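Q: Chains as they are written, first to last, in the working numbering: chain A, 1 to 250; chain B, 251 to 602.
Since the hints were made in silico from the structure, they are not lab data.
Please read these numbers as outputs of a predicted model, since none were measured by experiment.
Do not take every clue at face value.
One side only, chain A facing chain B, incomplete, derived with CB under 10 Å [said to hold, decoys possible]:
1) S213
2) D216
3) A228
4) H230
Built from N, CA and C at the ideal position, the CB exists for glycine as well.
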Amino acid sequence: MRPLETLTYEESGEIATVTLSRRGHGNRINVRMVQDLGAVCDHLEDHSQAKIVVFRGAGKVFSDGVDFADFHPDRPIDIHGFNKWEKINVRLERLPKVTVALVDGAAVGGGFQLALIADVRIATSRATFSLPEVRMGFLPGMATYRLAKYVGLGHARRIMLSGEEVTAAKALELGLIDEINDDLDAGLAACVESFGTVHPVTVQLARRLLNESFADSFENAIGHFLAAQHRAVTQTAFLETLKRAHQEEG
Amino acid sequence: MLANRPRILSVGTSTPPNGYSQQDLIDLAKVEDPRIRALFTASHIERRYFYLPESTPEGLKEETQGELLEKHLKGGLEIGSQSVERCLEPLGLGPKDIDYLACITTTGFMAPGFTAHLMKHMGFRQNCSRVDVVGMGCNAGLNGLNPVASWAMSNPGKNALMVSIEVCSAAYVFDNSMRTAIVNSLFGDGSAAALLRADNRDEPMFAPRVLGFESHIIPEAIHAMRYDWDDDSGKFSFFLDREIPYVVGQNAETPIGNLLKRFGLRRRHISHWIIHSGGKKVVDAMKYNLGITDHDVRHTQSVLRDYGNVSSGSFLFSYERLMNEGTVRRGDYGVMITMGPGSTIETALLRW
Chain A
1 MRPLETLTYE
11 ESGEIATVTL
21 SRRGHGNRIN
31 VRMVQDLGAV
41 CDHLEDHSQA
51 KIVVFRGAGK
61 VFSDGVDFAD
71 FHPDRPIDIH
81 GFNKWEKINV
91 RLERLPKVTV
101 ALVDGAAVGG
111 GFQLALIADV
121 RIATSRATFS
131 LPEVRMGFLP
141 GMATYRLAKY
151 VGLGHARRIM
161 LSGEEVTAAK
171 ALELGLIDEI
181 NDDLDAGLAA
191 CVESFGTVHP
201 VTVQLARRLL
211 NESFADSFEN
221 AIGHFLAAQH
231 RAVTQTAFLE
241 TLKRAHQEEG
Chain B
251 MLANRPRILS
261 VGTSTPPNGY
271 SQQDLIDLAK
281 VEDPRIRALF
291 TASHIERRYF
301 YLPESTPEGL
311 KEETQGELLE
321 KHLKGGLEIG
331 SQSVERCLEP
341 LGLGPKDIDY
351 LACITTTGFM
361 APGFTAHLMK
371 HMGFRQNCSR
381 VDVVGMGCNA
391 GLNGLNPVAS
401 WAMSNPGKNA
411 LMVSIEVCSA
421 AYVFDNSMRT
431 AIVNSLFGDG
441 SAAALLRADN
451 RDEPMFAPRV
461 LGFESHIIPE
471 AIHAMRYDWD
481 DDSGKFSFFL
491 DREIPYVVGQ
501 NAETPIGNLL
511 KRFGLRRRHI
521 SHWIIHSGGK
531 KVVDAMKYNL
541 GITDHDVRHT
551 QSVLRDYGNV
561 SSGSFLFSYE
571 RLMNEGTVRR
581 GDYGVMITMG
591 PGSTIETALL
601 RW
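Take these sequences, add in the hints, and give me the full structure.
A: In structure tokens, the structure reads:
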């Protein structure tokens, strides 16, 4: 992997940890961080044996959102730049691994969006979630697509249009996060334990079908399910499950 | 190393003049069986184009194998010559400028083949080299493109033309069985032509180079798709196994992986997927096995919707839509995939 400036990346056994790390800048997301996340995706897709990917923030903040230092009021805004961020989100969301966001402190804007693309969100009691973009005159990326699926349309509209800060307790109540744990490492360990063996292909297929379930007709979805199921049951993971089941019976 | 690779300079497509909705066909063929009616109306096809026999109060008039073969030739020459004209016209070329002609068909057998008939019909030069690719099915467009590209590469500056001509309505059997209903609800008539040339003077043109091919056959599924003689109807009849779309999908990773590996690429580097519109099931299987999206198969799905499965030329209909869309940029990579009897998966890598 090429050198990272804005992130640290560690891999230990089955767990890869990506830490947003721009100390003094609130781990804000800048152009370089998007590039660094791209390099991490390359590594995760092409080389890494990790089965679980963890996102966290360095210090006492997850991420304070977008870094405006890369935007200049006297230069035209390149909409393609926004697309680069969304493409990275999609790549992270489709990894053949289980993804976990460990949130301590503020998850603002793009930080909140990163938490939304993870399969599991665990936060400390002092974590907060907010999307201030609309109040600032722009849009919070494809959180416009994802947020309502977690919390329902009513809560999503309020959270997005008001920019309110959602506390960890409230986030848990809304279904925005899965657990509050002030010991994030302990929370992660329990989460990893609960996942047991991760079958990368099956995880990827199940997640894709779930993500598509909000936007597809049942007739289309069942066709997709059958195609995905055929792929799943022809993988070694399922064949081994079958063998074990027969041994136990025999 | 890749500088001598030929480019696809132009593509033209054509169908018979008359289009039919699935309901039109149910009405014309007087389909009564509710299972067959449901099969027609549930498919993801809105319109197909055919040469249909005359409609009688009892349904469509039955055609003999001889009449079907005649339709294959006559209809094929009509749509084939149209697609050739549409392919050559934007380049300011005519039949006399063509140095190599390949015709692809599966919907009828005859000797001499379509190349000889098309040359006479359109007035090609008598010394034009030619080859007929016959009986290879829906995947055959890429089986044809491979030697056409090789010929173009070894004859720089010369014009090589590939023409797929499929008159699927000349391969229909109406016997009220589910076997033939599956086929009759899916395939449509269509022709597509592509002009290839390896010439560095074409550099200013916005046309992709064909970088390479990779084939894959699944020998244990040799009977899963077949066009063979049916004694009961006294005709050739096409058969499609129910499971084969998924088996093809499951195998697709192998040739795609091998093809991309040869060029040091990963699937994420591919901006455009040009996939044969084989049917809804096989397109779904491609999506979930290759991890590609609805957006990636938008043209594959819209071609299926608007024309049905036009067999070997189908992927060129999708290619034409992609080029007309205006989203391709210089440097983009594209992958072509066709699937058919064998069971076969053929792939090609393009770069604009």
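Q: Out of the numbered hints, which ones does the structure contradict?
A: 1
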